[in-house]
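The lines below spell out each chain.
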Amino acid sequence: MPEIRVTPLGAGQDVGRSCILVSIAGKNVMLDCGMHMGFSDDRRFPDFSYITRSGRLTDFLDCVIISHFHLDHCGALPYFSEMVGYDGPIYMTQPTQAICPILLEDYRKIAVDKKGEANFFTSQMIKDCMKKVVAVHLHQTVQVDDELEIKAYYAGHVLGAAMFQIKVGSESVVYTGDYNMTPDRHLGAAWIDKCRPNLLITESTYATTIRDSKRCRERDFLKKVHETVERGGKVLIPVFALGRAQELCILLETFWERMDLKAPIYFSTGLTEKANHYYKLFIPWTNQKIRKTFVQRNMFEFKHIKAFDRAFADSPGPMVVFATPGMLHAGQSLQIFRKWAGNEKNMVIMPGYCVQGTVGHKILSGQRKLEMEGRQVLEVKMQVEYMSFSAHADAKGIMQLVGQAEPENVLLVHGEAKKMEFLKQKIEQEFRVSCYMPANGETVTLPTSPSIPVGISLGLLKREMAQGLLPDAKKPRLLHGTLIMKDSNLRLVSSEQALKELGLAEHQLRFTCRVHLHDTRKEQEAAARVYSHLKSVLKDHCVQHLPDGSVTVESILIQAAAHSEDPGTKVLLVSWTYQDEELGSYLTSLLKKGLPQAS
Amino acid sequence: MLKSQDLSSRILSFSLRLAGIFAAQENCFQYLQQGELLPTLFGEAGPLGGAAWTAPTVRSGWVQGLRTLARHPSALRFLAACGAVDTIFSLQGDSSLFVASAAGQLLVHVLDLAMRGPAEGRRGPRARDWPACAQKIVCHIEDSLCSAATPQVTQALNVLTTVFGHCRGLWTQGLWVRLSPLVARLLEKDPVPASHSLVDLLLSVARSSVLSSDRGLWETLAQTLSHLSPTQAGPLALGILKLQDCPQALRTQAFGILLQPLACVLEAAAQAPGTPGLLEGAAGDSMTVDTLLSSKSACVGLLCCALAHLGLLQPLPQRPSPWPQVPLLGAVVTILRLCSGSAAPTSDVGGRLCAILVGCGRVQRAALDFLGALSQGTGPQELVTQVFSILLEYLMSPESSSMVLKKAFQATLRWLLSSSKTPGCCDLDPHTQQFLRELLPVLQKRLCSPCWEVRDSGLEFLTQMTRQWGGRTGFRQALLASEVPELTRQLLRDPESYVRASAVTATGQLSGWGLRATPASPERPGAQQESLLGELLHILSTDSEGFPRRAAMQVCTEWLRDGRADVAEDPERFVAGVLQAASRDLDWEVRAQGLELALVFLEQLLGQRGSRCPYSVGLPETAPPGVLAQALQVLCRVQLFEFAFRALFDCDRPVAQKSCDLLLFLRAKAASCGSLQEAGDSPSVASVEATLQRWQAGEQGQPLGYLEPGAIVAVLRSVDLEGLRDTLAESSDHVEKSPQSLLQDVLAAVGVLGENEADCY
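Residue numbers (UniProt numbering), protein chains in the order written: chain A, 1 to 599; chain B, 1 to 761.
It should be emphasised that the hints constitute simulated quantities derived from the structure, not laboratory data. Glycine included, C-beta positions come from ideal geometry on N, C-alpha and C. Don't take every hint at face value.
As the list claims (entries may be wrong) - Derived Cβ-Cβ restraints for the label pairs, each shown as a range:
#1 A:Gln425 - B:His166: 41 to 49 Å
#2 A:Asp309 - B:Ala686: 52 to 60 Å
#3 A:Ser434 - B:Ala355: 24 to 32 Å
#4 B:Arg573 - A:Gln383: 33 to 41 Å
#5 A:Leu499 - B:Pro247: 39 to 47 Å
#6 A:Leu499 - B:Pro450: 24 to 32 Å
#7 A:Ser315 - B:Pro398: 32 to 40 Å
#8 B:Ala355 - A:Glu506: 32 to 40 Å
#9 B:Thr54 - A:Lys223: 45 to 53 Å
#10 A:Lys306 - B:Gln604: 54 to 62 Å
#11 B:Ile11 - A:Cys216: 30 to 38 Å
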């Protein structure tokens, strides 16, 4: 029995470390290869030993697909390909391919710098891993091998994020990665066609949330920044190099322009150019507004946002600084934070999640006295704000996507168990499809109906066409032919062609039926009566009375014989070929009713 | 807390594991037993029967808790009394891979624990003397081995694999004697169930020192080899060949399995009968041929496995001898030709193989890897020429993907280097020379590829070649006659940063051997080099990406270390320029590399760092005071102190660590010559110390200003470098990792982070 098997090694009832194994029609695909930012031990990466147990990785896996550049979806990739030893192809979109190594490099530097990890992947490994990447375009069907094909759809969320359809024969799975069903300041909304996959694997971060309008959050953000700057304070916004940073930059730039504000806005040097470069390069991936205005004005070239220099942090007066990294765990953002933390006029806005152990996590959980290196205690007097700008689909959005794709089954990943449970019920009720939510390591098995491709001979098709009816996708039609199996291929051909190809002689198969007729006259006369009756009833058919006394209607032959025991009864022998099955049955039922009395 | 109705599954799981940790100590176990806590957690009254059991995390916690707990006889009695062993049996088939695998391991652990203990010495091979708990587990394994359901057989085989892999007691012998007939009976089934696990088990037994002398085992291995399909038998064959002591007949059989697919290819593609095959005397195994021709995926899978296994075997000392180097080379060249479409086999099988393999990237990659591995052996010149010709064909082919090209470059490098290993010969043989002449135009073309991966692989190849052959006349002539050096230089401005970085490294390597793009003018021999230095400094100060800047710093360090003529002309200016560029860099790895360069410069001025060998006799290397004073003057002029002191308070730990080491070295050197006049309490020292304090506090705006050597020595002595080194040696999150910090996190997290949790990334 063919089946689809799905085993999450990460992101099963969990957020972070996305890694889902899918087996479909004998092909094995790994969807995402992420890391968990909350751990620094071996729980950081998915446990790949469950794959290596089935032999060599490269022989077992047909391909790896990465949905987008966030580290919880691609952070384990160099480890997997260069240290565990996967040597096969890795598929991702072009923007992901361009941006992914930057984030991996950032992550490597932090791991080596902050924790002094020696046994970690190197820059060379990141590069070697990226060389295994095959870039895919949106809506382009990529043939991984003769049987397995994949196709990418726009997912919003971050630049280059994609949903992937994985197809083998008539079986298919769609994996959403992270997606956003509403457009934001710089990206559009996710979209997929009605591809009716056997299974839709969807993220469910906001499984129970209907999110408030993004506009409110934006207004709140601008108000807070504005108030701080007005009272002469400094605002620190720790961000990661690419993604949300650009969205917030566009927001502030527009606001500064409208309000004619003078306080400087800075962005960590190097990153602005890099971000600009990528957004320019991948402008088709941004939203409609940015694309439309691109010719006159590039939204990513900012008038008010300047490159930051270390010395600026000591300058007096208000300012806004975007600095990396985003969780205040090392580098420039932490350095600035230390300088500004003591002043209550200042503010730090954390626009994203912070893992445990980072300074970002500590201040968000309300700690005000932080112990730093060298037994120094840093007192945090500045205001601390958290603002969620993450771009995931909410419950409404997820339902919308399920409606769009019309899957036979749904499987939830990348979310919390309790929230998933709620969404699962909702999906099952509304769409009448089965919904699964496996934990990490749990396998979901879905039986699928076997599907065998059959080729149709041109001759047969032409004959069908000759009947005058043009093919219509919406109106299925019945086609008769002979199914032959030759060289492990199945083909539908005309019976003549089948006989010819297989070197067989034709056998005529006739059905015969006896009808008893109460008639005392001779056989010939009985036949004549049958002839005249049928002639009068079947006006559209060719009814003939042959010299040997038998009657034919098309291919149907009727002969009258005497009954061996009852001389008052005649036996009508009716015989017909299978092609005239319908007419044959009709005739027998007609004759069984008897003949009209001779006048 | 456990009585709470809405206890979350995570907390319950945590409680199970925590209780396991506590109960690992026997006295603690007794205490928990008195409170009847353990049955509440692990017994039938616990989560076992309840709704919580549906959560895999609870089942996982239960298994892990028991695994930690089961360390003493009391624990064993508890397990038997609460019926835990039966639950473990059922958990072996759990829907969660993690739980199922942990349950299997727990079973082995319990078996091992039961067999150890006071009567261990007496528990020899006779199974009927074993304790009840062990008997129960072994009976379960026996039942599973006889089961018609493959998952059950797999579970039993996996448990046994762990037993023979981890347990060393004599009793394992008895276990094998009892179970080996059941294992052998699996081979009678068609198809052999759980073949992968069976292979793992047999290899695990063969590797176990207790059992490897068993003759019956070798017979079972030989039978298994002949019963399994070629694809299934590959890993077993490789495992057998890796064993230290193993009968020769079995080794021959195993090697035959690995060679078979390649032998089939050779035979199918042979142009004329009588061509030497891989397996003399044996016709192509029909099962292997069937697999190769059954479908494309089967053919590709089998060939890739065979190539990978042989590649793994090739460098091992225990590889079969004689090693069929020549036919293997022939086979892999044939496979590569079939894949590229350049082979024209006449046989039917050959034609079918050709149709399957043509353009198959997976087989191409595996074959190129193996071809590279074969470069370690030799071959007749004719065959080596064929190897170079197929490599050239791949490097030239427009069909080759970037990964195939990378592997082709790697294999070419290995073959080139191995072909010129002739001792005492300083130049290349005519064949290699000829190949180089053909190769360089191809490399040239690849350096202009629109694909960055290909340009980069080409540059990496060039760097490696130059590193090895930069001094060989033949290579130098061929390279200088080509446009490769000029192209490499142009790639310094490549749009892709990886390529720029590789171009920087390659250019550095080329210039190190005097292989410049165009000959320097006779009047100014350093002009070319100077402009290259200018280019590197330009990259250092302007490139927006870290990789090229890091590569540039490495080249500068190598130049200084090697004492290159043009750098040696005015090293002060060189070092000052590079340090100035590095000091402004945002990438900590560039700054750390800058300190590496500073250290090389210091060593050149003051002598090498002392040997770090703890047993070496510590002879103080005293530099004459005059030399030291002069050296310090130089260091002040190149602003090395400003760079090093700033780095000492760098926000990135590795930079600070490196700077600390450098300053400690300098201080030791200064101490060894005590006669240098220190500027004890001069205003200059006070101002330096004040500036350093501000830097430490994070205000790095103010420069250090000009320094006197005397003041430097004084400052070096006053800064607590050892203390700083110790602090830096701890990872920068050691504060966050401390129990106190974790406790603060836990307290702060209560009720705060609910919504943030989901807002990941």
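Structure-based check of each hint:
1. A:Gln425 - B:His166: 41 to 49 Å: holds, 45 Å
2. A:Asp309 - B:Ala686: 52 to 60 Å: violated, 29 Å
3. A:Ser434 - B:Ala355: 24 to 32 Å: Violated, since Ser434 of chain A and Ala355 of chain B (Cβ atoms, about 42 Å apart) do not stay within the stated range.
4. B:Arg573 - A:Gln383: 33 to 41 Å: Distance hint for Arg573 of chain B, Gln383 of chain A is violated at roughly 50 Å.
5. A:Leu499 - B:Pro247: 39 to 47 Å: Given range 39 to 47 Å: violated, Cβ gap about 59 Å.
6. A:Leu499 - B:Pro450: 24 to 32 Å: Since the Cβ atoms of Leu499 of chain A and Pro450 of chain B sit about 55 Å apart, the hinted range of 24 to 32 Å is violated.
7. A:Ser315 - B:Pro398: 32 to 40 Å: Given range 32 to 40 Å: violated, Cβ gap about 57 Å.
8. B:Ala355 - A:Glu506: 32 to 40 Å: holds, 35 Å
9. B:Thr54 - A:Lys223: 45 to 53 Å: holds, 47 Å
10. A:Lys306 - B:Gln604: 54 to 62 Å: violated, 41 Å
11. B:Ile11 - A:Cys216: 30 to 38 Å: Holds: the Cβ-Cβ distance is about 35 Å, inside 30 to 38 Å.
Figure legend: structure checked against the earlier numbered hints; hints not met, in rising order: 2, 3, 4, 5, 6, 7, 10.
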